[in-house]
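K.L.:
Throw the hints in and build the complete structure from the sequences for me.
Just so you know, the sequences run in chain order A and B.
Those letters in the first sequence? Residues 1 to 384, by full-length UniProt numbering.
Those letters in the second sequence? Residues 1 to 384, by full-length UniProt numbering.
I should point out that these hints are in silico values taken from the structure, not numbers from a laboratory.
Among these hints, one or two may not hold up.
Which chain A residues stay away from chain B? Per the calculated CB distances, all over 10 angstroms, these [stated by the list, open to error]: (1) THR57; (2) ARG90; (3) GLY92; (4) PHE93; (5) GLY123; (6) ASP146; (7) GLU186; (8) GLN217; (9) ASP269.
Below, in silico cross-link-like pairs of lysine-lysine (DSS-like), each with a Cα-Cα straight-line distance of 30 angstroms or less [said to hold, decoys possible]: (10) B:LYS285 to A:LYS114; (11) A:LYS75 to B:LYS310; (12) A:LYS61 to A:LYS75.
Computed from the model, here is a short list of chain A residues facing chain B with C-beta under 8 angstroms [as the list claims (entries may be wrong)]: (13) LYS61; (14) LEU98; (15) GLN101; (16) LEU103.
All values derive from a computational prediction rather than experimental measurement.
Positions of the beta carbon are idealized from the N, C-alpha and C atoms, including for glycine.
Protein chains: 2
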Amino acid sequence: MRILHTSDWHLGRIFHGIYLTGDQDHVLQQFIQLAGEVRPDVILITGDIYDRSVPPTEAIKLLDEVLSRILMNYKVPIILITGNHDSPDRLGFGARLLAMQGLHLIGQLTDRLKPIVIHDSFGPVYFCPAPYVEPPLVRERLLAPDAVNHEQAMLSLIQHLSAPIPEGVRRVILAHAFAAGGEESESERPLTVGGSGTVSASLFQPFNYAALGHLHQPQEVGSEHVRYAGSLLKYSFSEASHRKSVTLVEMDGAGKTAFETISLTPRRDVRRLEGYFTDILAGPKNGESRDDYIMVTLRDTGPIMDAIGKLREVYPNVLHLERPCLTAGGELRGPGADHRRLSEAELFSSFFEQVTGTPLSGDQNKAFAETLEQFYRREREVRA
Amino acid sequence: MRILHTSDWHLGRIFHGIYLTGDQDHVLQQFIQLAGEVRPDVILITGDIYDRSVPPTEAIKLLDEVLSRILMNYKVPIILITGNHDSPDRLGFGARLLAMQGLHLIGQLTDRLKPIVIHDSFGPVYFCPAPYVEPPLVRERLLAPDAVNHEQAMLSLIQHLSAPIPEGVRRVILAHAFAAGGEESESERPLTVGGSGTVSASLFQPFNYAALGHLHQPQEVGSEHVRYAGSLLKYSFSEASHRKSVTLVEMDGAGKTAFETISLTPRRDVRRLEGYFTDILAGPKNGESRDDYIMVTLRDTGPIMDAIGKLREVYPNVLHLERPCLTAGGELRGPGADHRRLSEAELFSSFFEQVTGTPLSGDQNKAFAETLEQFYRREREVRA
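P.N.:
Take a look at the structure:
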């Protein structure tokens, strides 16, 4: 069984004010071509397809285009689970009819959720889709009173999904979750605000392959066959050093797996430049593109007139400029005070302290975290 | 060929503050059953499926449920065009794949738009889908410079769609348009603000059947085979006397058609009551339901404490109360001044006059009409 695993496309994403749909289109055209070349038996997409529950129409058209072309040209079945950014109801339109065409959109949690079975010459493989769901929904829909946190909720989901699988048969799980031990970057939205939200990577051990989504860095967690495919593109400057890729998995008849990561070439890379103004103005080195999305950190201490304007004459897509020397010791405390790097909880706590003069108490912190979670939950429109 | 024609479902509609999804569900369950009983060769849905371009998730789930059940249980193909309330991009997700399952979602205008051919024992019938589109889009996408207004745009669309149909073969058009001579009610949004927006009914004459959407009153326009199916439910109190229905069309081998209108029973009717307070408090007559959505017009002149509260003890769903005697001659000019019955243009012109003391000039009126149209166009997210 040949499996192509990709994740966290975040279609409709806005990066420092720029819509990335064109960049996403560029990479996804390569993905379509790749699917035609490697001809996998199945494609797995493990959540955060869209960047928000009501995506812009360009994002909807792009997803439609990519999935339709793969299915119509190559007849490769696709299994897609929703992540914490997606709306299960919106993505789920037509799901039952689309499944007959080989497009399995899995977002809704019901007690009828079950594995999708795909055969190769060695027999069946059971693919268990575990879309992102909040623990209260698992308690209600699967009648699982123990699902009080993400760990227990995932356990209940796995038990439910595994029940119909015969002993000794190959099994793959698709999950959108934060596996403990995985490495975060700055562009994932936390699964719970102020809480842990993690699940043990060991939960995924019994599967022959665990296709994970949520963390944006491609990585294995705990063991080689428990893997994040990582995001489609670099979605924050903290990911500048990531090597984004999709994962090609070959599984033999005994369920043993081998892996290959395949890079796709972005239209523009995301890079950080640090140095003195005049050096940076000298422009890109051989092999570097001046069109990349650039964050510049200047070491200069003196005044520079219209620094960003001049930088953009050399690098038209400079999106962010930092001058740590100017702000260190001043009222801004250097790059650490960049509000774009703070979580909602940190932002609010800093605002609260500035306004009231006292830090947030534990209870207040908790109240804020709960409110924020409710807000995200509503935004995802997951209703009981 | 047996055709079931329905239109203007407006899923997600809010009626005087009440979400109608439950009422729409109630009637659509009957529609599913009807489809199973009459077993049409095709179902036509002629636009305004949703009430707005970004519908609430309940509306999406309901549409998914209805279409999936009809297709999966009865295998009746469905052709659905978008109306002026729908977003072609959002409704179009998965369209190419869904078409293979018999669900034809037609919203996008491209030069590849063509008839859908369905056969009966007499041979093929060509179904020409003409979704709601603005004239500028027709000019651009069909390279039709003459499409300067809705009339010309529809003509271009019809010519484009008819081109591949062989001479003498039966043809049906689906259109979402305001055919001149048709009777409006208060719940359709005008197709052009301050303009005509109408198209000649004679454009539809050459078809063996014209399945129209937009007007909410079931009616024929000009001749028997050019018909509005009307809306799913009564969507304003001005429609209290309408008889809502779906249309069953039987077409013979020569393309001659016979019609039957079939009523579905709403969970709650929409009714108007007029009279004296004490008489209305006496309650419903035999055969009338106290649960209907009610608008009450009171003839009393004296003061009545908490009239609506007392009326709701008898009719829990009184949604609107009018007391024309109290307002006649006063600052309000009676029911005519009810802002809910004014168009956006009338509302704005009255507001403008109140604030500035002078009426809108012709130019100002035109500027407002253009702005409003732009707004609607953006809302529909139809982009060139």
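K.L.:
None of the hints should be skipped; say for each whether it holds.
P.N.:
Hints and how they fare:
no.: 1; hint: THR57; verdict: violated (4 angstroms)
no.: 2; hint: ARG90; verdict: violated (6 angstroms)
no.: 3; hint: GLY92; verdict: violated (7 angstroms)
no.: 4; hint: PHE93; verdict: violated (5 angstroms)
no.: 5; hint: GLY123; verdict: holds (28 angstroms)
no.: 6; hint: ASP146; verdict: holds (28 angstroms)
no.: 7; hint: GLU186; verdict: holds (29 angstroms)
no.: 8; hint: GLN217; verdict: holds (30 angstroms)
no.: 9; hint: ASP269; verdict: holds (29 angstroms)
no.: 10; hint: B:LYS285 to A:LYS114; verdict: violated (52 angstroms)
no.: 11; hint: A:LYS75 to B:LYS310; verdict: violated (64 angstroms)
no.: 12; hint: A:LYS61 to A:LYS75; verdict: holds (20 angstroms)
no.: 13; hint: LYS61; verdict: holds (6 angstroms)
no.: 14; hint: LEU98; verdict: holds (5 angstroms)
no.: 15; hint: GLN101; verdict: holds (4 angstroms)
no.: 16; hint: LEU103; verdict: holds (6 angstroms)
Violated hints, in rising order: 1, 2, 3, 4, 10, 11; the structure is consistent with all others.
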